Amino acid sequence: MVTLNSASEVILLQSVNKFYANEAVLHDVNLSIQSGECIVLVGHNGAGKTSLIKLMLGLTRPTSGAIKVLGHDPAFSAAVAQGMSLGYLPESVAFYEAMTGREVLSFYAQLKGASKVECDKLLDLVGLGDASKRRVGTYSKGMRQRLGLAQAMLGNPQLLFLDEPTTGLDPILRQHFYELIDDLQKEGATSIISSHALHEVEARASRFVILKKGVVVACGTLEELYQQATLPVRVKVSVKPGEASSVAERMGSAVNVTDINNQSFNLSCDMDEKMPIIRHISNLGDVVQDMQIMPPRLDELYSYFMSGDPS
Amino acid sequence: MKMLWVLAMKEIRDGLRNRWIAAAIILLGSLALALSLLGSAPTGSVKASDLDITVISLSSLSVYLIPLIALMLSFDALVGEFERGTMMLLLTYPVSRWQVIMGKFLGHISILCIAIFAGYGGAILIMTIFAGGSIEGWQAYVTMMMSSLILGAVFIALGYLVSVLVKERATAAGTAIGLWLIFVVIYDLVLFGALLMDEGQIIGQQLFSTLMLISPTDSYRIFNLSLFEGVSDAAGIAGIASEAGMSGSLLIGVMSLWVVIPLMLTLFVFQKREL
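Protein sequences appear in the order of chains S and H.
Under our numbering, the residues of the first sequence are numbered 1173 to 1483, in order.
Under our numbering, the residues of the second sequence are numbered 2 to 276, in order.
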């Protein structure tokens, strides 16, 4: 029924609904993910990020709608068995507690057909080389998370699903982790990351999918989201001492002027008013000494979409 | 095939690591040894070889013990992984759900196989150092071990079915104990109770045989007690099975169905399950 639009389309969701006990967890989700993209799923707790990932992994089935992952319905494990290489890091990863870190990883490596050498390499990479002979039961939260990363990286996956990957990681490991993702990305891997930490993922996300109560309220690149959000641009204008209020009076009605003091004032305006205002200010001559343009911040963007009515 | 092997090996290693296998070998071995030593005493009067006596007493004991061991191995196999969350991750690997079930099954069967053959087999090796058995006795003993393995497979499969149906590990444990009681104790009690009350009015020979046959534990009992002449003489139920038209292959066939059907049901439920 569902056909892939192009050869580079890795994941396709068409009007996907998911209900648990008559409660909608996901509602009418449409999404097309191209090869090599880095999609970041954003949303409050319970927005449906994990549910969406589980559907794409075939762990659960949509109540209605269609999903294709690499051309197959993921709910049929046969598609998985055909050797598509994917890596998954669950939100709170669980392992066989009685096994050592190395045993766990080599068990998973065998299932993915990865080598023992790769296991050792990954264990060192995530900094578990020394602890690899200890039982996983004795591991801390951070160590489990690192082991989880290691198993997700096994076998150079072409498709990565990372559910809140950096929780429990210290800043250095976090850095390390994103370098690993970048490496895989350069080789053409597609990744789907769910995250609360917007600042971390801002630079590497090719697109954001913002979920609210199971509904995709926004989807697109950062620029597209800013346009969609119509958040005000703020400009801080510095003027000659004592001139602030007189200059502020000449700003016109399209802008909102605040924080007037002796030498500076702030103004905010709509995105499409930005350029006319900037031209206007620069025509004022010497009296204006400096101008700082501050685009809306990511968390403003986030709270804009979170507070709005999902429709 | 490789996936099944990897999954089975994990179970076997688990069995070795948590001393499950060692404990089962010691338990089965010491019981077999004790029974065969005790069994040596009355041989003079019954005209059966030591080994035949051992087969009788050991199979009567296995009927209780093997299902218990098998259920203890299997009740946790699926629900435990659901509860801990390891199943979710496992299923994102290139393994299909039937491979997960069959891999575990192979692993658990291997554990049971090691325990039975090392425990029972080891005990009999020690015994033969003291006194040899007849050739037929040997066959009976080996067949008893094989049929014990099939009995174990029945309860591993039943354990999986419990494990895939319940929501919590504790429920699975309780249900497994219930199953054991029903199959090993209650079914027979009810059957014989009904037979006594009935005084042969409704329950005829045919119906009684059928009721015995459909129980995997009774099939196992009859199989071991009556298949060999020496054994059935000693057990005093010579010819019962053949009179009722129960051939060895029929009895094994019934037990095999008790393996296949619960396994298929488990797989069916597991395929539908969302994680």
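FYI, nobody ran anything at the bench for these hints, they're computed from the structure.
Fair warning: this is a prediction, and the values are worked out from it, not measured in the lab.
One or more of the hints may lead you astray.
Cross-link-like lysine to aspartate or glutamate pairs, in silico, DMTMM-like; alpha carbons within 20 Å at most [claimed, not checked]:
#	chain 1	residue 1	chain 2	residue 2
1	H	K3	S	D1245
2	S	K1313	S	D1354
3	H	K273	S	D1245
4	S	K1305	H	D15
Label pairs and their computed distance ranges (CB to CB) [stated by the list, open to error]:
#	chain 1	residue 1	chain 2	residue 2	range
5	H	G81	S	E1181	35 to 41 Å
6	H	L258	S	D1342	53 to 59 Å
7	H	L251	S	N1217	47 to 53 Å
8	S	R1233	H	T129	32 to 38 Å
For glycine and all other residues, C-beta sits at the position ideal for the given N, C-alpha and C.
Cross-check of the supplied hints:
no., hint, result
1, H:K3 / S:D1245, "violated (24 Å)"
2, S:K1313 / S:D1354, "violated (24 Å)"
3, H:K273 / S:D1245, "holds (15 Å)"
4, S:K1305 / H:D15, "holds (16 Å)"
5, H:G81 / S:E1181: 35 to 41 Å, "holds (38 Å)"
6, H:L258 / S:D1342: 53 to 59 Å, "holds (57 Å)"
7, H:L251 / S:N1217: 47 to 53 Å, "violated (59 Å)"
8, S:R1233 / H:T129: 32 to 38 Å, "violated (58 Å)"
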